[in-house]
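Produce the entire structure from the sequences given, and follow the hints as far as they go.
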Amino acid sequence: MSKAVVAVVGSAMMDLTAYAHTLPEAGQTLVGELFTTGFGGKGANQAVIAAHCGAEVHFIGKLGRDLFGDSIATNFSTVGINSFFVERTDTPTGIAHIWVDGNGENRIIIIPGANHEIESTKAVDAINGIDNLSVVIAQCEIKQEVTVAVFSAAKTRGCITILNPAPYQALSPELLELCDWIIPNETEFRELHGQLPSSDEILKTFRPGKNSVVTLGSLGAALINADGSIIRTTAPTVDVIDTTGAGDAFVGTFAYALASRMSSEDALTLGIKVASLSVTKKGAQSSYPTQAEISTLS
Numbered sequence: 014m015s016k017a018v019v020a021v022v023g024s025a026m027m028d029l030t031a032y033a034h035t036l037p038e039a040g041q042t043l044v045g046e047l048f049t050t051g052f053g054g055k056g057a058n059q060a061v062i063a064a065h066c067g068a069e070v071h072f073i074g075k076l077g078r079d080l081f082g083d084s085i086a087t088n089f090s091t092v093g094i095n096s097f098f099v100e101r102t103d104t105p106t107g108i109a110h111i112w113v114d115g116n117g118e119n120r121i122i123i124i125p126g127a128n129h130e131i132e133s134t135k136a137v138d139a140i141n142g143i144d145n146l147s148v149v150i151a152q153c154e155i156k157q158e159v160t161v162a163v164f165s166a167a168k169t170r171g172c173i174t175i176l177n178p179a180p181y182q183a184l185s186p187e188l189l190e191l192c193d194w195i196i197p198n199e200t201e202f203r204e205l206h207g208q209l210p211s212s213d214e215i216l217k218t219f220r221p222g223k224n225s226v227v228t229l230g231s232l233g234a235a236l237i238n239a240d241g242s243i244i245r246t247t248a249p250t251v252d253v254i255d256t257t258g259a260g261d262a263f264v265g266t267f268a269y270a271l272a273s274r275m276s277s278e279d280a281l282t283l284g285i286k287v288a289s290l291s292v293t294k295k296g297a298q299s300s301y302p303t304q305a306e307i308s309t310l311s
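Residue numbers (my numbering): 14 to 311.
Source of the hints: derived by calculation from the structure; they are not laboratory data. Here the structure is a predicted model, which means the values were calculated and not measured. We treat Cβ as the ideally placed atom computed from N, Cα and C, and that holds for glycine. A hint or two may mislead.
[Stated by the list, open to error] What follows is a set of in silico ranges between Cβ atoms, one per label pair, in the way DEER data are often shown: (1) His34 - Asp144: 43 to 53 Å; (2) Thr293 - Ile122: 21 to 31 Å; (3) Thr250 - Asp138: 39 to 49 Å; (4) Asn145 - Val44: 50 to 60 Å; (5) Lys156 - Arg101: 39 to 49 Å; (6) Pro221 - Asp252: 35 to 45 Å; (7) Asp144 - Ser231: 33 to 43 Å; (8) Gly40 - Gly142: 43 to 53 Å; (9) Asp144 - Leu43: 17 to 27 Å.
If you want it as C-alpha cells, here you go:
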C-alpha cells in the first residue's frame with residue numbers, strides 16, 4: 014500500500030511551560046515546580062504525530078530567523094517531516110506560554126509571530142506541488158484567509174480537508190463549506206454551535222450533512238456522520254499528567270488514518286488511543302508515542 018501523504022498548513026511555536034500544583038489568581042505570586050521549553054504550535058504538533066504514525070508529512074508554515082526557529086527546523090528534520098515549504102522571516106518565531114496545574118489541566122496564551130506571515134499564494138503553490146497528497150489539515154493559529162485558499166486548492170485536487178477550529182474564532186461560510194471534517198473540542202463546539210455537546214440530539218444538529226468529530230477529553234470523542242448517525246468512543250483510563258497537545262495528537266492521528274484509507278470509525282478509535290497515551294507525559298510533542306508504540310494500538 015502506498016504511503017499516506019498528509020500536508021499540514023499551520024503554526025509552529027516554541028512552548029514555554031510552567032508547572033504548578035495551584036495556578037495563581039490575579040495579583041498573586043506562587044512558587045511553581047518545573048519550567049520547560051518544548052516544541053509546539055498546533056500545526057507542528059499535528060504534523061509530528063502524523064509522522065510518528067507513519068505518514069509522509071509536508072509542513073507549510075513560517076519560522077523566525079532566530080534560535081527558536083532554528084530549533085524547530087532541526088526538529089522537523091529529526092522527526093522526518095518535509096519542510097521544503099517552510100519559510101523564514103525576520104519576525105520572531107511564535108511562542109506559547111503554558112501553565113499546567115496539579116490536575117494536568119492547562120491554560121495557554123499564544124503569540125503567533127511569524128505564523129501570521131504565511132502567504133496564501135505560496136501556501137497554495139505548496140499544496141499543488143506535493144505528489145499523491147490525500148489529506149490537508151489546518152487550524153486557527155494562522156490567518157483564516159490562508160486556510161480558505163489552501164482548502165480550495167486541496168478540494169480541487171480531490172484531497173480531504175480537516176479543520177481543527179482552535180483556538181476558537183468565528184469561521185466564514187466559505188471556510189465552513191470547504192471543510193470535509195471539523196474537529197472541535199467541547200469548548201470550541203459550544204462557541205461554534207451555541208450549546209455544549211451534551212447529547213446525541215445536539216450533536217446531530219451540528220453541520221447537518223457534513224462529517225465532524227467532537228473530542229470530549231476523558232470521555233473520548235463523538236463521530237458525527239454526514240447521515241446524522243453518531244458513533245462514540247470512550248477513552249481508556251490513564252494517569253493524567255499533562256493534557257497539552259492531546260487534541261492535536263488526536264487530529265494528526267485521525268488525519269493519518271484517513272490518508273491510510275482506514276474507516277472513520279477506526280480512525281476515531283486510533284486517535285483516542287494515541288491522544289490518551291499523550292496525556293500520561295509532560296509537554297506536547299515530547300509526550301507523543303513513538304511509531305513503534307502506535308503500531309501496537311492499531
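Here is what the structure says about each hint:
1. The beta-carbon spacing between His34 and Asp144, approximately 50 Å, falls within the hinted interval of 43 to 53 Å.
2. Between Thr293 and Ile122 the beta carbon distance is about 25 Å. The supplied range of 21 to 31 Å therefore holds.
3. Hint check: Thr250 to Asp138, Cβ distance near 46 Å, so the stated range 39 to 49 Å holds.
4. The hinted window of 50 to 60 Å between Asn145 and Val44 holds, with their beta carbons roughly 52 Å apart.
5. Roughly 18 Å separates the CB atoms of Lys156 and Arg101, a value that falls outside the hinted 39 to 49 Å.
6. Judged by the Cβ atoms, the range 35 to 45 Å given for Pro221 and Asp252 holds: they are separated by roughly 39 Å.
7. Remark: the range hint 33 to 43 Å for Asp144 to Ser231 is upheld by a beta-carbon distance near 40 Å.
8. Hint check: Gly40 to Gly142, Cβ distance near 52 Å, so the stated range 43 to 53 Å holds.
9. Hint check: Asp144 to Leu43, Cβ distance near 52 Å, so the stated range 17 to 27 Å is violated.
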